[in-house]
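Peer 1: Each chain, letter by letter, is given below.
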Amino acid sequence: MIIDRRRLIFSIGAAAGGGLALGFGFTTAGEAAVAADGSIGDYVIVAPDGAVTLLAKAPDVGQGAKTVLPMIIAEEMDADWSRVRIEFAPVEQRYGDQSVGGSTTTPENYEPMRKVGAAARSLLVQAAAQRWGLPAASLKTARGEVIDPASGRRIGYGELAAAAAKLPPPDPAQLVLKSPKDFVLLGRDQGGVDTPAVVRGEPIFGIDTEVPGLEYAVYVKSPVPGAKLVSADLDAARRQPGVTQVFALEGLAPPAGKQVGLAPGYAPGIAIIARNWWLANQARKVLNARWDETAGAGHSTDRYDAQAREILKGGPGKVASQHGDVDAALAGASKRVDAVYHAPFLAHLSLEPQNCTARPTADGGVELFAPTQVATDARELTAKTLGLPLEKVTVHMRRSGGGFGRRLMADAAVESAVIAMKANTPVKLVWAREDDVAHDYYRPALWMAFDAGLDAQGRVSAYRAHGVSFTRDGTTPTTGGGVTQDAAPGLLADSARTEQSLIPTIIPTGWLRAPASNALSFVHEGFWDELAHAAGQDPVAFRLAHMRAYLAAQTQAPGDGKPKLDIGRLAAVLELVAQRSGWGRQSLPSGVGMGAGCYFSHRGYFAEVAQVRVSNDGDWRVEKVWVVGDVGSIVLNPLGGRAQVAGSIVEGISQLRCAVEFKDGKTVPTNIPDFDLVRMPDAPEIDIHFLVTDHPPTGLGEPALPPLIPAVVNAVYAACGARVRELPLTAERIKAALKAT
Amino acid sequence: MAISLRVNGRHLTAEVPPEMPLLWVLRDELSLAGTKFGCGVGACGACTVHVDGVATRACLTPVGTVGSREITTIEGLHAHPKGKALQAAWIAHDVPQCGYCQAGQMMTAAALLKDKARPTRDEIEGAMAGNLCRCGCYDRIHAAIGSAAGVEA
Chain F
1 MIIDRRRLIF SIGAAAGGGL ALGFGFTTAG EAAVAADGSI GDYVIVAPDG
51 AVTLLAKAPD VGQGAKTVLP MIIAEEMDAD WSRVRIEFAP VEQRYGDQSV
101 GGSTTTPENY EPMRKVGAAA RSLLVQAAAQ RWGLPAASLK TARGEVIDPA
151 SGRRIGYGEL AAAAAKLPPP DPAQLVLKSP KDFVLLGRDQ GGVDTPAVVR
201 GEPIFGIDTE VPGLEYAVYV KSPVPGAKLV SADLDAARRQ PGVTQVFALE
251 GLAPPAGKQV GLAPGYAPGI AIIARNWWLA NQARKVLNAR WDETAGAGHS
301 TDRYDAQARE ILKGGPGKVA SQHGDVDAAL AGASKRVDAV YHAPFLAHLS
351 LEPQNCTARP TADGGVELFA PTQVATDARE LTAKTLGLPL EKVTVHMRRS
401 GGGFGRRLMA DAAVESAVIA MKANTPVKLV WAREDDVAHD YYRPALWMAF
451 DAGLDAQGRV SAYRAHGVSF TRDGTTPTTG GGVTQDAAPG LLADSARTEQ
501 SLIPTIIPTG WLRAPASNAL SFVHEGFWDE LAHAAGQDPV AFRLAHMRAY
551 LAAQTQAPGD GKPKLDIGRL AAVLELVAQR SGWGRQSLPS GVGMGAGCYF
601 SHRGYFAEVA QVRVSNDGDW RVEKVWVVGD VGSIVLNPLG GRAQVAGSIV
651 EGISQLRCAV EFKDGKTVPT NIPDFDLVRM PDAPEIDIHF LVTDHPPTGL
701 GEPALPPLIP AVVNAVYAAC GARVRELPLT AERIKAALKA T
Chain L
1001 MAISLRVNGR HLTAEVPPEM PLLWVLRDEL SLAGTKFGCG VGACGACTVH
1051 VDGVATRACL TPVGTVGSRE ITTIEGLHAH PKGKALQAAW IAHDVPQCGY
1101 CQAGQMMTAA ALLKDKARPT RDEIEGAMAG NLCRCGCYDR IHAAIGSAAG
1151 VEA
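In order, the protein sequence lines correspond to chains F and L.
For what it's worth, my numbering labels the leading residue of the first sequence as 1, then goes sequentially.
For what it's worth, my numbering labels the leading residue of the second sequence as 1001, then goes sequentially.
The hints are simulated quantities; they were obtained by calculation from the structure and are not laboratory data.
Only a predicted model underlies this, so the values are computations on that prediction, with no experimental measurement involved.
Chain F regions said to be covered by chain L (calculated; three or more residues, Cβ under 8 Å):
| # | stretch |
| --- | --- |
| 1 | 187-201 |
| 2 | 400-413 |
| 3 | 665-677 |
Selected chain L positions facing chain F (Cβ under 7 Å, derived; list incomplete):
| # | residue |
| --- | --- |
| 4 | W1024 |
| 5 | V1041 |
| 6 | Q1097 |
| 7 | C1101 |
| 8 | R1134 |
| 9 | D1139 |
So these bits of chain F aren't anywhere near chain L, every CB distance computed over 12 Å:
| # | residue |
| --- | --- |
| 10 | A51 |
| 11 | T141 |
| 12 | I155 |
| 13 | L262 |
| 14 | S321 |
| 15 | L544 |
| 16 | R603 |
We put the CB at the ideal spot given by N, CA and C, even for glycine.
Next up, chain F with everything else stripped away, as it sits in the complex (with noise of 0.2 Å):
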């Protein structure tokens, strides 16, 4: 919808060796994809001996941007995709923000990709026409060549390149885009593009950056956010084998209210230089470095449990959004249920710990080699930390061994420059785990009251949910956080009031895959399961008459509000995967049961049933999955979209089963087995399903992560009577929640 306002424009020019470089960008003032000098980015590339060159815009974490975005342009062009070379494209403003996160990659991108197909397409069916004297109209393309159809010759794209290059530039509007029945490549399974390197274990991550002269960082920081150095022994580090340099950065301050990662700025700390990694990282055994830690005090996610419990105790919220009077309806109603929910700090933990390749440059400058989901971010915020001008600050984007939005926070490249400016000699920086769970910027944790009220008919007519969360600034929630993030639950009371209070922190916060949805989802949905036990109907079937009554509501009141998600399609969804699970048609055994949830995040809609075995001991296992979503017309790359919809079901089990403690401003676990993380036998059945609709194709990173929590936790329900409104979903929690039915 956006991309309707802006205004595409193309570059074409002569690549080297004489062939056709095209470029396109937006012309709108505030998307910079149009340089400031007027160049604009080059997304295709083609030789005179054939070989089409494709750029990929945005980093890969996994999610499989680097496949789709030129699988988008190659269908358009006609490109052979299995002769296609694709290449990372250069990190500069003529490209526009190279970022990834928020599912946003598809949506954004697919209509300008196919126009940058179909441009490419359009020069070299016009060289082909003025070659052979022919009416472009009469021509068709096929796998790199434009065929003649009356005659049967065929020219490759390579011969046509250089009359392409001399062509002016395609009229956007003018353009014919193919229609989606006439895909080749759309729609249908590609395997990922790096998937043959990763196999033959080429060095393709950023953690894998080679340079000439390279030497390697570790860079020490307070287990408290921020906090001072006091003293240390640098000098017992310097006379640790191996060891190059040493020296204490007294770190740079974001704006008060920012983080580091996300404004200018980063950590205080101390960087230890050497031949190797593991040297480095041995050196800091004997550092003895002591820092300020008082700005930790009370910082202890105990202590934050007995403040939001003792909020949600008193007084209403700031009110952050409602409908209908709330009030009279719980006065009024039938029956009411309450429930206070929560779910804890989590941290990303992305297989490849954070890192980051600097290299200081003969102009003055760096360079860096990141992986990284916001490689605009890292040039930007590396420039404005070291005072450079943006141009002396280059960014490679380098394949990323996981993102799950820990990547959107560019600390790590920050940190690399610093230290390789400071130490001037290239530098690679790599955090051991125990500082990448040390320094992450977690999911932040959610408390939830909910007082509803059933009328007669077992609807609801109020739903009162108060929500404690974080706040850096006093006013303004935590990156990460907040609780008024739109949600079907509230919409579909008769009245709702959701009041928002937070407390004060200085844990640094983020986005972790699917943020703030990942924890709302669990709490409402959980809390409707309850709602439709309470009034005494099946909890698919009450949501879906909820859901139903909403729709022809507003189908009688048109304009009244305007919902920012479609329950149409989110009923629909719920629907289908009810049929398709068996839901209230299985004779299960006893101690297994099905849950359900359904959630609409990131421009997805998805509905999820898990079935659950548990045991007497509380110990519980999702045995299966289905899955139903909704993101559009089409699926670009179905077999990275079930990838990603499988990787959802699998974190979200993850997430379930783990937290993050504090004490005192420091994070309590330390590495990998203080998590316990989803493991191959832990791995449930998954049966996928995308319902096609004839909405715009929409991002798979997150959407069908959310309502996986509320399926597992309403299944174990189903399965024990345990009622859990706490994560992680432990055995004793659950035993817990036996002893108190």
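Could you slot chain L onto chain F? The hints should help.
Peer 2: Only chain L this time, still in chain F's reference frame:
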């Protein structure tokens, strides 16, 4: 001190302390970066290599303890009796998402198939339980091992 190693059939030498983990010798001294660092405490399996055919956590293996035993890394997997079949299966199933854990997964799978040519479902899960995949590729890893072994996973 100079330590001699046999890696993927080649003789290589590194000037490193004997207590230095094999992982870092491979990555930082021998430019064999296919073997990955994930946790440093043997808990994620990303650093799995073979030492005389046995799947081994390189992050916990002091290089001085390896001696003359043959080290195989992901870069040498193609020469393993099951290597090519595993690589082909990994590509056919498009197993990787981010791909970071896959070197360790494939090395563990290769050691499994050498011991048990036709593993059962439980044997696959048991052998692979030490290898963490944060993207959640387990279904495809399982299927690819089954394909490489010629059994239905």
